[in-house]
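> So the sequence lines, in the order shown, correspond to chains A and B. Sequential numbering of the first sequence, starting at 1, is according to my numbering. Sequential numbering of the second sequence, starting at 1, is according to my numbering.
Wrong hints could be hidden among the right ones.
When the alpha-carbon atoms are kept at most 20 Å apart in a straight line, the in silico SDA-like pairs for lysine to any residue are as follows [to be verified]:
| # | chain 1 | residue 1 | chain 2 | residue 2 |
| --- | --- | --- | --- | --- |
| 1 | B | Lys25 | A | Ala55 |
| 2 | A | Lys235 | A | Ile211 |
| 3 | A | Lys25 | B | Ala55 |
| 4 | B | Lys164 | A | Glu152 |
| 5 | A | Lys76 | B | Arg148 |
| 6 | B | Lys89 | A | Leu21 |
| 7 | A | Lys233 | B | Pro157 |
| 8 | A | Lys164 | B | Glu163 |
| 9 | A | Lys29 | B | Pro16 |
| 10 | A | Lys164 | B | Cys166 |
| 11 | B | Lys164 | A | Glu163 |
| 12 | B | Lys233 | A | Asp117 |
| 13 | B | Lys164 | A | Cys166 |
| 14 | A | Lys25 | B | Pro16 |
| 15 | A | Lys62 | A | Leu21 |
| 16 | B | Lys25 | A | Asp17 |
| 17 | B | Lys76 | A | Arg148 |
| 18 | A | Lys164 | B | Glu151 |
| 19 | A | Lys233 | A | Thr161 |
| 20 | B | Lys25 | B | Lys62 |
| 21 | A | Lys25 | B | Leu21 |
| 22 | B | Lys25 | A | Val141 |
| 23 | B | Lys44 | B | Pro65 |
| 24 | B | Lys164 | A | Asp117 |
| 25 | A | Lys179 | B | Pro65 |
| 26 | B | Lys235 | B | Cys166 |
| 27 | A | Lys29 | A | Pro69 |
| 28 | A | Lys235 | B | Glu163 |
| 29 | A | Lys25 | A | Gly95 |
| 30 | A | Lys62 | A | Asp31 |
| 31 | A | Lys164 | B | Glu152 |
| 32 | B | Lys233 | A | Glu152 |
Simulated from the structure, these hints should not be mistaken for laboratory data.
2 protein chains.
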Amino acid sequence: MERYYIQFVSLGPGDPDLITLAAYKALQKCDLIYYPTTVSPSGKTVSKAEEIMLANGIDTTKFRPYSLPMSMDRTKALAVYEEVASRCKAHYDEGLSVAVAAEGDAGFYSSTHYISDVLLREGCPFVFIAGVPAFIAAGAVAGQSITRQDEELQIIPGNATPEKLCEAMAQGRTVLIMKLSRCESVVKEFLSKENVAAIYFEYVGTDKEFISSCIEEDILPRRFPYFSMLRLKPKQQ
Amino acid sequence: MERYYIQFVSLGPGDPDLITLAAYKALQKCDLIYYPTTVSPSGKTVSKAEEIMLANGIDTTKFRPYSLPMSMDRTKALAVYEEVASRCKAHYDEGLSVAVAAEGDAGFYSSTHYISDVLLREGCPFVFIAGVPAFIAAGAVAGQSITRQDEELQIIPGNATPEKLCEAMAQGRTVLIMKLSRCESVVKEFLSKENVAAIYFEYVGTDKEFISSCIEEDILPRRFPYFSMLRLKPKQQ
Numbered sequence: 001m002e003r004y005y006i007q008f009v010s011l012g013p014g015d016p017d018l019i020t021l022a023a024y025k026a027l028q029k030c031d032l033i034y035y036p037t038t039v040s041p042s043g044k045t046v047s048k049a050e051e052i053m054l055a056n057g058i059d060t061t062k063f064r065p066y067s068l069p070m071s072m073d074r075t076k077a078l079a080v081y082e083e084v085a086s087r088c089k090a091h092y093d094e095g096l097s098v099a100v101a102a103e104g105d106a107g108f109y110s111s112t113h114y115i116s117d118v119l120l121r122e123g124c125p126f127v128f129i130a131g132v133p134a135f136i137a138a139g140a141v142a143g144q145s146i147t148r149q150d151e152e153l154q155i156i157p158g159n160a161t162p163e164k165l166c167e168a169m170a171q172g173r174t175v176l177i178m179k180l181s182r183c184e185s186v187v188k189e190f191l192s193k194e195n196v197a198a199i200y201f202e203y204v205g206t207d208k209e210f211i212s213s214c215i216e217e218d219i220l221p222r223r224f225p226y227f228s229m230l231r232l233k234p235k236q237q
Numbered sequence: 001m002e003r004y005y006i007q008f009v010s011l012g013p014g015d016p017d018l019i020t021l022a023a024y025k026a027l028q029k030c031d032l033i034y035y036p037t038t039v040s041p042s043g044k045t046v047s048k049a050e051e052i053m054l055a056n057g058i059d060t061t062k063f064r065p066y067s068l069p070m071s072m073d074r075t076k077a078l079a080v081y082e083e084v085a086s087r088c089k090a091h092y093d094e095g096l097s098v099a100v101a102a103e104g105d106a107g108f109y110s111s112t113h114y115i116s117d118v119l120l121r122e123g124c125p126f127v128f129i130a131g132v133p134a135f136i137a138a139g140a141v142a143g144q145s146i147t148r149q150d151e152e153l154q155i156i157p158g159n160a161t162p163e164k165l166c167e168a169m170a171q172g173r174t175v176l177i178m179k180l181s182r183c184e185s186v187v188k189e190f191l192s193k194e195n196v197a198a199i200y201f202e203y204v205g206t207d208k209e210f211i212s213s214c215i216e217e218d219i220l221p222r223r224f225p226y227f228s229m230l231r232l233k234p235k236q237q
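Work out the full structure: start from the sequences and follow the hints.
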C-alpha cells in the first residue's frame, strides 16, 4: 500500500491569490483536508482557512473542519489537536493523503505545531509547505519595505513589555508586535510616551483591512482586535 | 491611455512552486519583467529570479535582465537601480505594464527598495505582491516550526556582534542570522564558546541545499556562503 506524508499546507494571509502554487497543488491532489474553525461571539462559525480554500475552488467533499474552542484555558484546544493528529495518523495508516491547512505560514506562530508534535512522537512522517506570513503581506499592503539592508527586526507575539520595547528602540531595531489584543494597554502607553514611528495593521488582506500611521488620531483611540499588528521604528530612522 | 501600476513581484525562495498565484498571474499578464542577474567569479551570468520564471514557463520575450555589479562599493549598483527605475517610469508613461521581480519577498531585505524609492520620488505609482521569504522556507525544509507561541524572533541581516547574540540568548529570544558570510568569524567564535542550539541552512530550495544542526562536525568547519542562515536558540528551550 502506498503511504503519503501528511502535509502541513500554508494558505497565506487571507487573499486567496497569496497561496503558493505548491499549496494549491497539494490541496487539489490530497484526499482530505483538516482545518480550524471557530465560533464567533455571535454564534457564527467562522474559518479564514475555509474561505481561502473555497475561493480557490478546492473540492469541499475533502473538507474536514475541526472546531477550536476560544478560551484562555488551552486544555480543550489541546485535546482537539490530539484528536486531529490521531485521525491524521489513522488516515496515514489507511494510505490516504492528508493535508492539514493553516492560515499564514504553518511553521510561523501557527498552532498546527501541536499536531505535528504528536505526529513526530508517533513516528508518522510529515512535511511542511511554506507560505506567506501575515506580516509580510502587511508590508506589501502598506507599499513599504518591512526591513532594509542592515535593519534588524524583532518580532514580538503579543507579549510586549515596556522594557522590551524601550530596549529595542534604543538598539535601533525595527519591532513588529503581533496579536496586539494581548498587550493593548502596554502598547498604547508606550506609544503615548515615546517618540517612535508606527504603522498599525488590522485584518490585512480582508474586507475589514485598516492601516494607519496616525498615532493620536487612529491608533490610540482604537480597540485592538487579535488580528492586528504594529510596526515600530525609532523616529530618527 | 490606460496606465498600470508598476508591480514589485515576489518570486519566493527558489523552488518554482513556492511562487504565489498572485505573482504567477502578474508575470503572465504584464508586458515586461525587470530582474537582477550577477556575474559569478567564474564569469558565468547567474540569476535565481530568471530560473524561477523559466521553470514557471513565463514568456522570455518579456525578460529585461539588469546586471548587478558584485562589489562592496555600492555606487555602481545604485546607478543600475536608478537606470532601472528610470526605464520603468518611461514604460509607465508609455502605458506598458511593468513587473520588477525579486527573489524571496520584495519587501523583506530586498534591494528592489532602491527602485521603489526612486519611483516614489518621481510620483510613479507601484504595488507590492507579497511572497515567501527564504527564512520561512528554511523552517519548512527543516520540518520545524520556526517560532511558536510566545517565542520572540530577532532577525539579524549579517551584522551580528557578540553583544547582540549574548543579549538575545539571555532574553530567551530565537535569533535568525542571515547573510552569514558577512559575520562568519563572529558567529563561529560565538558557537564555539556558548551553549546554544543551532540549525544551519545553506542554499535552501536549490540543488545545493545543505542543513545541519551539528555545530562541531558540520557548522564550524564550513565556509559560509552569502546565501546561508543560522537559527540560534538558548539551549534550555
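> If a hint holds in the structure, say so; if it doesn't, say that too.
Hints, verified against the model:
1. A threshold of 20 Å between alpha carbons decides the hint, and for lysine 25/B with alanine 55/A the separation of about 16 Å falls inside it, so the pair holds.
2. Pair hint lysine 235/A plus isoleucine 211/A holds up; C-alpha atoms about 19 Å apart against a cutoff of 20 Å.
3. For the hint linking lysine 25/A to alanine 55/B, the alpha-carbon distance of about 16 Å falls within 20 Å, and the restraint holds.
4. Pair hint lysine 164/B plus glutamate 152/A holds up; C-alpha atoms about 11 Å apart against a cutoff of 20 Å.
5. A distance of roughly 19 Å separates the Cα atoms of lysine 76/A and arginine 148/B; the hinted pair therefore holds under the 20 Å criterion.
6. A distance of roughly 30 Å separates the Cα atoms of lysine 89/B and leucine 21/A; the hinted pair therefore is violated under the 20 Å criterion.
7. For the suggested pair lysine 233/A and proline 157/B, the alpha carbons sit about 16 Å apart, so the restraint of at most 20 Å is met.
8. The suggested pairing of lysine 164/A with glutamate 163/B holds, with an alpha-carbon distance near 16 Å, which does not exceed 20 Å.
9. Taken as a hint, the lysine 29/A and proline 16/B pair is honoured in the structure, with Cα atoms around 18 Å apart against an allowance of 20 Å.
10. Pair hint lysine 164/A plus cysteine 166/B holds up; C-alpha atoms about 15 Å apart against a cutoff of 20 Å.
11. Straight-line distance between C-alpha atoms of lysine 164/B and glutamate 163/A comes to about 16 Å, which keeps the hinted pair within the 20 Å bound.
12. This hinted pair checks out: lysine 233/B and aspartate 117/A have alpha carbons roughly 18 Å apart, not beyond 20 Å.
13. The suggested pairing of lysine 164/B with cysteine 166/A holds, with an alpha-carbon distance near 15 Å, which does not exceed 20 Å.
14. Between lysine 25/A and proline 16/B the CA atoms are separated by roughly 13 Å; this keeps the pair inside 20 Å, and the hint holds.
15. Distance check on the hinted pair: lysine 62/A and leucine 21/A sit about 19 Å apart at the alpha-carbon level, within 20 Å; holds.
16. Among the hinted pairs, lysine 25/B with aspartate 17/A is consistent with the structure: their alpha-carbon atoms are about 9 Å apart, no more than 20 Å.
17. For the given pair, lysine 76/B sits about 19 Å from arginine 148/A by alpha-carbon distance, which is consistent with the 20 Å threshold.
18. For the given pair, lysine 164/A sits about 13 Å from glutamate 151/B by alpha-carbon distance, which is consistent with the 20 Å threshold.
19. Proximity of lysine 233/A to threonine 161/A is assessed by CA-CA distance (about 16 Å); at most 20 Å being required, the pair is judged to hold.
20. Between the alpha carbons of lysine 25/B and lysine 62/B the distance comes to roughly 14 Å, so the proposed pair stays at or under 20 Å and holds.
21. A threshold of 20 Å between alpha carbons decides the hint, and for lysine 25/A with leucine 21/B the separation of about 11 Å falls inside it, so the pair holds.
22. Taking the CA atoms of lysine 25/B and valine 141/A, the gap is about 18 Å. The hint holds against a cut of 20 Å.
23. Annotation: proposed proximity of lysine 44/B to proline 65/B holds, straight-line Cα distance about 14 Å (limit 20 Å).
24. Of the pairs offered as hints, the one joining lysine 164/B and aspartate 117/A is violated, with about 31 Å between alpha carbons and a cut-off of 20 Å exceeded.
25. Straight-line distance between C-alpha atoms of lysine 179/A and proline 65/B comes to about 40 Å, which puts the hinted pair past the 20 Å bound.
26. Of the pairs offered as hints, the one joining lysine 235/B and cysteine 166/B holds, with about 13 Å between alpha carbons and a cut-off of 20 Å not exceeded.
27. At roughly 30 Å between alpha-carbon atoms, lysine 29/A and proline 69/A are farther apart than 20 Å, so this suggested pair is violated.
28. Simply put, lysine 235/A and glutamate 163/B have alpha-carbon atoms about 24 Å apart, too far for the 20 Å limit, and the pair is violated.
29. The suggested pairing of lysine 25/A with glycine 95/A holds, with an alpha-carbon distance near 19 Å, which does not exceed 20 Å.
30. Between the alpha carbons of lysine 62/A and aspartate 31/A the distance comes to roughly 6 Å, so the proposed pair stays at or under 20 Å and holds.
31. Note on lysine 164/A and glutamate 152/B: the hinted pairing holds, with a Cα-Cα distance of about 11 Å set against a maximum of 20 Å.
32. Distance hint between lysine 233/B and glutamate 152/A is fulfilled; the C-alpha atoms sit about 17 Å from each other, no more than 20 Å.
In this structure, the hints that do not hold are numbers 6, 24, 25, 27 and 28, in rising order.
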